[in-house]
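*Asks:* Work the whole structure out from these sequences, hints included.
Quick note, my numbering runs 44 ahead of the 1-based positions in the sequence shown.
Think about it this way: if two alpha-carbon atoms lie no more than 25 Å apart in a straight line, the pair counts; the simulated DSS-like pairs of lysine-lysine are:
1. Lys132 with Lys48
2. Lys181 with Lys132
3. Lys366 with Lys270
No lab work stands behind these hints: they were computed from the structure.
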Amino acid sequence: MIQKKDILKLVDYILLNSASINSSGLYNGKVGVSLSLFEASRYLNDKNIENKAFQLLQESLVAENKDYGFENGLSGIGYVLLYLIENKFIDADFNEIFGEKYESLIKRFTNIENEPHKLLSSFHVIYFFAKIRDTKKDDRISRIVPKIFEGIELYLSLQFFDFNDRRYTNNKSLVLNVFKQYLKLVDFACYSDFSQLLLDSYAQLYRNGKIVSNYYTGCLLENIVKDKNDYQDIIQDNKQYGLLNFHNSSLHLHEQIDLLSLLQQADSRNGKDGMIKTVEKEWVNSQPKNSWDKLNYRIPQYAKDTGYGFGLSRLLVFVTNKKHLFV
Numbered sequence: 045m046i047q048k049k050d051i052l053k054l055v056d057y058i059l060l061n062s063a064s065i066n067s068s069g070l071y072n073g074k075v076g077v078s079l080s081l082f083e084a085s086r087y088l089n090d091k092n093i094e095n096k097a098f099q100l101l102q103e104s105l106v107a108e109n110k111d112y113g114f115e116n117g118l119s120g121i122g123y124v125l126l127y128l129i130e131n132k133f134i135d136a137d138f139n140e141i142f143g144e145k146y147e148s149l150i151k152r153f154t155n156i157e158n159e160p161h162k163l164l165s166s167f168h169v170i171y172f173f174a175k176i177r178d179t180k181k182d183d184r185i186s187r188i189v190p191k192i193f194e195g196i197e198l199y200l201s202l203q204f205f206d207f208n209d210r211r212y213t214n215n216k217s218l219v220l221n222v223f224k225q226y227l228k229l230v231d232f233a234c235y236s237d238f239s240q241l242l243l244d245s246y247a248q249l250y251r252n253g254k255i256v257s258n259y260y261t262g263c264l265l266e267n268i269v270k271d272k273n274d275y276q277d278i279i280q281d282n283k284q285y286g287l288l289n290f291h292n293s294s295l296h297l298h299e300q301i302d303l304l305s306l307l308q309q310a311d312s313r314n315g316k317d318g319m320i321k322t323v324e325k326e327w328v329n330s331q332p333k334n335s336w337d338k339l340n341y342r343i344p345q346y347a348k349d350t351g352y353g354f355g356l357s358r359l360l361v362f363v364t365n366k367k368h369l370f371v
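*Replies:* Below you can see the structure in the form of structure tokens.
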């Protein structure tokens, strides 16, 4: 298991590289690093790390950002601010700090259905709107969120309809990843008006052998449909055979973390920790010798090594707060 000294090495490495980060967003910017340092400061009970986290948060809040998206834009920054307030990392008034930016986000997405070419690339903003919905009553949110979900459902329905066509040229893996993200958002937002027709289309393709098993999909379907018997065979097959498809040596760091996080949640529900201990032990043992010194992980070259989205800040969050729900 990862020791305190290893966590401190992670913190030091992230702090050393945070000075070169210019963007302010969640996945590759300062606010994502800030989130990871806040989690580490609480875990280690370290005021100095907390001060560094707060400084990065302030810098991300005052920086000019014309991106409204979740990964690197204002909605991701707003999400982190809400998370930190909700979990008592900071004592702050969201409306006072982020009120103007919130209104600009509402304005940006009120008529998102008129820009379908932008809708698919920005659907992760649902994380922000679902989070703020729990603390701020605003009827505009209840109109925006269904529009985004309906846009994703239309896209996926059209793709699934064409899956049987031999001339289908789109990347099926990317489409299935969008479907997985859709299920994750439905689960996170507790969205009860999800498309039954879309799930039926997926189920038919799966039963006809057109789609391979995926552990994430099985778990998310289980969370969403609860005890409905219509999909129990698909849920169990995805969970049983999907887990066998994972090979730690071929997974990037963020994929390993997401898998471990999902297993952690499953073990928590079952009241035991068998799966998480087995897979986590295999994952840690599979790292190269001295990897903690060299920080030698499979991080995509296009991502910043310290980012929350794909890099070491994501790892720092996981090792300091196993209950964290990654977005």
